[in-house]
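Trainee: Protein chains in written order, with UniProt numbering: chain A, 1 to 384; chain B, 1 to 384.
Rather than coming from a laboratory, the hints here were simulated on the basis of the structure. There's no promise every hint is true.
The list makes no distinction among identical chains, and a pair is therefore deemed to hold if it is satisfied within one copy or across any two copies.
What the hints assert, rightly or not - With a straight-line Cα cutoff of 16 Å, these simulated EDC-like cross-link-like pairs (lysine to aspartate or glutamate) come out: (1) K347 / D49; (2) K332 / D298; (3) K86 / D58; (4) K247 / E200; (5) K363 / D305; (6) K130 / D49; (7) K376 / E210; (8) K376 / E219; (9) K86 / E41; (10) K115 / E268; (11) K130 / E141; (12) K93 / D58; (13) K234 / E41; (14) K247 / D181; (15) K370 / E219; (16) K354 / E219.
Protein chains: 2
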Amino acid sequence: MNYFSTNFTLGILGGGQLGKMMLYETRKWDIKTHVLDPSIEAPCRIAADYFEQGDLMDFETVYSFGKKVDILTFEIEGVNIEALEKLEEEGIKVYPSAATLRNIQDKGIQKQFYKKHQIPTSAFNVFENKDSLNHAIFQKEISFPFVWKSCTGGYDGKGVSIIRAAEDLIPLADGACIAEDLVPFKNELAVIVARNPLGEVKTYPVVEMEFHPEANQVEYVICPARIDENVAHKAREIASKVSEAFKHVGLLAVEMFQTDDDEILVNEVAPRPHNSGHYSIEASYTNQFEQQIRAILDLPLGNTDSKAGGIMVNLVGAQGHTGQVVYKNIEKILAMEGVTPHIYGKKETRPFRKMGHVTIVNKDLDKARKIAEEVKKTIEVITE
Amino acid sequence: MNYFSTNFTLGILGGGQLGKMMLYETRKWDIKTHVLDPSIEAPCRIAADYFEQGDLMDFETVYSFGKKVDILTFEIEGVNIEALEKLEEEGIKVYPSAATLRNIQDKGIQKQFYKKHQIPTSAFNVFENKDSLNHAIFQKEISFPFVWKSCTGGYDGKGVSIIRAAEDLIPLADGACIAEDLVPFKNELAVIVARNPLGEVKTYPVVEMEFHPEANQVEYVICPARIDENVAHKAREIASKVSEAFKHVGLLAVEMFQTDDDEILVNEVAPRPHNSGHYSIEASYTNQFEQQIRAILDLPLGNTDSKAGGIMVNLVGAQGHTGQVVYKNIEKILAMEGVTPHIYGKKETRPFRKMGHVTIVNKDLDKARKIAEEVKKTIEVITE
Numbered sequence: 001m002n003y004f005s006t007n008f009t010l011g012i013l014g015g016g017q018l019g020k021m022m023l024y025e026t027r028k029w030d031i032k033t034h035v036l037d038p039s040i041e042a043p044c045r046i047a048a049d050y051f052e053q054g055d056l057m058d059f060e061t062v063y064s065f066g067k068k069v070d071i072l073t074f075e076i077e078g079v080n081i082e083a084l085e086k087l088e089e090e091g092i093k094v095y096p097s098a099a100t101l102r103n104i105q106d107k108g109i110q111k112q113f114y115k116k117h118q119i120p121t122s123a124f125n126v127f128e129n130k131d132s133l134n135h136a137i138f139q140k141e142i143s144f145p146f147v148w149k150s151c152t153g154g155y156d157g158k159g160v161s162i163i164r165a166a167e168d169l170i171p172l173a174d175g176a177c178i179a180e181d182l183v184p185f186k187n188e189l190a191v192i193v194a195r196n197p198l199g200e201v202k203t204y205p206v207v208e209m210e211f212h213p214e215a216n217q218v219e220y221v222i223c224p225a226r227i228d229e230n231v232a233h234k235a236r237e238i239a240s241k242v243s244e245a246f247k248h249v250g251l252l253a254v255e256m257f258q259t260d261d262d263e264i265l266v267n268e269v270a271p272r273p274h275n276s277g278h279y280s281i282e283a284s285y286t287n288q289f290e291q292q293i294r295a296i297l298d299l300p301l302g303n304t305d306s307k308a309g310g311i312m313v314n315l316v317g318a319q320g321h322t323g324q325v326v327y328k329n330i331e332k333i334l335a336m337e338g339v340t341p342h343i344y345g346k347k348e349t350r351p352f353r354k355m356g357h358v359t360i361v362n363k364d365l366d367k368a369r370k371i372a373e374e375v376k377k378t379i380e381v382i383t384e
Numbered sequence: 001m002n003y004f005s006t007n008f009t010l011g012i013l014g015g016g017q018l019g020k021m022m023l024y025e026t027r028k029w030d031i032k033t034h035v036l037d038p039s040i041e042a043p044c045r046i047a048a049d050y051f052e053q054g055d056l057m058d059f060e061t062v063y064s065f066g067k068k069v070d071i072l073t074f075e076i077e078g079v080n081i082e083a084l085e086k087l088e089e090e091g092i093k094v095y096p097s098a099a100t101l102r103n104i105q106d107k108g109i110q111k112q113f114y115k116k117h118q119i120p121t122s123a124f125n126v127f128e129n130k131d132s133l134n135h136a137i138f139q140k141e142i143s144f145p146f147v148w149k150s151c152t153g154g155y156d157g158k159g160v161s162i163i164r165a166a167e168d169l170i171p172l173a174d175g176a177c178i179a180e181d182l183v184p185f186k187n188e189l190a191v192i193v194a195r196n197p198l199g200e201v202k203t204y205p206v207v208e209m210e211f212h213p214e215a216n217q218v219e220y221v222i223c224p225a226r227i228d229e230n231v232a233h234k235a236r237e238i239a240s241k242v243s244e245a246f247k248h249v250g251l252l253a254v255e256m257f258q259t260d261d262d263e264i265l266v267n268e269v270a271p272r273p274h275n276s277g278h279y280s281i282e283a284s285y286t287n288q289f290e291q292q293i294r295a296i297l298d299l300p301l302g303n304t305d306s307k308a309g310g311i312m313v314n315l316v317g318a319q320g321h322t323g324q325v326v327y328k329n330i331e332k333i334l335a336m337e338g339v340t341p342h343i344y345g346k347k348e349t350r351p352f353r354k355m356g357h358v359t360i361v362n363k364d365l366d367k368a369r370k371i372a373e374e375v376k377k378t379i380e381v382i383t384e
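Turn these sequences into a full structure, and let the hints guide you.
Mentor: Below you can see the structure in the form of structure tokens.
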């Protein structure tokens, strides 16, 4: 198959920042793209060869969009799987496949998949709804504290709560959910795995999420993780195993816990390029978006090593600011060494909305970490 | 001035591959762009916020395009300067300025500028037309061999000839021209200089053009150049001086000769991102296109150091092939370490047409050089 400067067409479901960064790569290789997104203001509204506004969860919309492309992928999990299945039956290649997405989209099914495939993960129970969860607590089948997760619709910390006492249950939404053991951990890690249809697999170095000491929010994604080499090796092995178990094609971001006794437990996965891989645009020989294109087009996978240490800081809307965004002091961070801001192109900021990210690269990771702290102190995502 | 996710508009004259790569950076920072190009098939036809088809040499077209933007730049020197002058008078910022472009666009004026500013360059004479050149030869005011250059319209080796005897004069076009001393040189070098309106200047490392031993064509652009440190230092100093003499704003590519006795002579300049800086996309902390945006928007300039050694190979159309392009064996070069092809998006190949380039990055420059040779042997730009 010849993809470069031809009529071959790649379809992308979702036109947000991940799609936007994927389009840098399709443009670099002159690969024709179609993008579907519900918002006419989506970051992918330009740079695709064809942009369509439409509902990603609507069968007919996704199906008729998919019929016009040769290979279909997605940059968000919330898409109509039945349409993907019908497209596959009719010969359209969908990567990752509908079957893989079925095993991931519902967190209850995802956890059961790990259990079935002997992938280490925290102990859990699945409940059909809030009532059955309450009943299990009442029957002392599960006990506080535990981690509650909604089976569907969770994203960026939404749909996840730590339940320490009965009153924490009150605000939870109804619906299918899981209750997981709250495992004490030293580190939250992630590994991005690329796998192509031929079954070639490559893993990126382990990244580490450094949390704010008080706010319990990820502040820095650091590559490579400052952990023991054996633990890093184990994390990459497990991530490969997860990708192979899913027969996943494309990128799979595997989020993991490093427990106090250096066990690795898989927390959850995302079947697409991921926030934890953004550092790769500046730091890696092959960035995650190019790797995604290589994987789904069945091209040889690229080198996942880093050219330099990389740290990523998310740019999220400041509290108390809603409206036309201003990136205050962006010129100050541009004067810092090895600093590259990425602005996603959302015109309106809201508290905690992901508006962009900043990458800091440096051969000396400690130096990068210090500059990252300066970046975080300096830039503000506010309104005028 | 706030450029990010606002209504600020950057205008770009020319929508070829340089403009296309510049748009990766405007997209990364969500800077609104307008692009003007004569071809509806131009690589920038997508990814700009607004694309206009029109003649870059036509006063009215350039003027009315420029009136709709806040800052205007160009990715090709062949634009209507009178329109730029009028736009400047009316308060539109044009970077590089019309005055700078006037000093560069005509090679006779450019050479006289170097002489006036004591910038080392080969000895030369300017002639109004072919007749006056012939007359000077007849009068023995100049002697064979010499380098003939057309004052205007030269590009990619067109408009340049080495004249060794009277019969070499016959095919030359009529028009203003220069006759330069043919200086024996060890190396052809280039330095990219960035300068912002505040006068902040940064130079990139020296790159070296490695020629094919027989074909006398540049085969590899190598960064850093494999030359003595003192010579490299001198080349960067001279390049800075050239940029400052021109009061240039934006990127200036300074092409130079290293003579047999290690003198540096300025050959010519290009007031824009340049083929010799393409390696920077993968190899530098700040790639040349981001640097161009930083410079013309008066933002702090970024680090020009390299993360790794970089080698660039042009992808030009093979002889004997005209028509719908095929990049034969591209999947084979994708399997080589640290190899990134860039496909410009021209559908038709022709002999020697620049269709793309390939960058090879590696911490070990010798290893990169070996891989570059494999790349060159493997990929073919042909028709089916």
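Trainee: Decide, hint by hint, whether the structure agrees.
Mentor: Taking the hints in turn, this is what the structure says about them:
Proximity of K347 and D49 under a CA criterion of 16 Å is satisfied inter-copy only: 15 Å between copies versus 22 Å inside one chain copy. Within a single copy, K332 and D298 get their C-alpha atoms only as close as 42 Å, which misses the 16 Å cut-off; across copies the closest is 12 Å, which meets it. Proximity of K86 to D58 under the C-alpha cut-off of 16 Å is restricted to the intra-copy arrangement: shortest distance 13 Å within a copy versus 53 Å between copies. With identical chains, the CA atoms of K247 and E200 are at most 16 Å apart within one copy only, with a shortest distance of 11 Å there and 53 Å across copies.
Taking identical chains as interchangeable, the C-alpha atoms of K363 and D305 lie at most 16 Å apart whether they share a chain (13 Å) or sit on different chains (11 Å). In the homo-oligomer, the alpha carbons of K130 and D49 never lie at most 16 Å apart, since the shortest distance is 45 Å inside one protomer and 48 Å across protomers. Within a single copy, K376 and E210 get their C-alpha atoms as close as 13 Å, which meets the 16 Å cut-off; across copies the closest is 43 Å, which misses it. When the C-alpha separation of K376 and E219 is checked against a cutoff of 16 Å, the pair qualifies only within one copy, where the shortest distance is 8 Å, while the shortest distance between copies is 44 Å.
Neither within a single protomer nor between protomers do K86 and E41 lie at most 16 Å apart by alpha-carbon distance, with minima of 29 Å and 35 Å respectively. Taking identical chains as interchangeable, the C-alpha atoms of K115 and E268 lie at most 16 Å apart only when both belong to the same chain, with a minimum of 13 Å there against 67 Å between chains. Proximity of K130 and E141 under a CA criterion of 16 Å is satisfied intra-copy only: 15 Å inside one chain copy versus 98 Å between copies. For a Cα distance limit of 16 Å, the shortest separation of K93 from D58 qualifies neither inside one copy, at 19 Å, nor across copies, at 48 Å.
When the C-alpha separation of K234 and E41 is checked against a cutoff of 16 Å, the pair qualifies neither within a copy, at 42 Å, nor between copies, at 50 Å. For a Cα distance limit of 16 Å, the shortest separation of K247 from D181 qualifies neither inside one copy, at 27 Å, nor across copies, at 66 Å. Taking identical chains as interchangeable, the C-alpha atoms of K370 and E219 lie at most 16 Å apart only when both belong to the same chain, with a minimum of 13 Å there against 41 Å between chains. In this homomeric assembly, K354 and E219 come within 16 Å of each other (Cα to Cα) only inside a single copy, at 13 Å, whereas the closest approach across copies is 44 Å.
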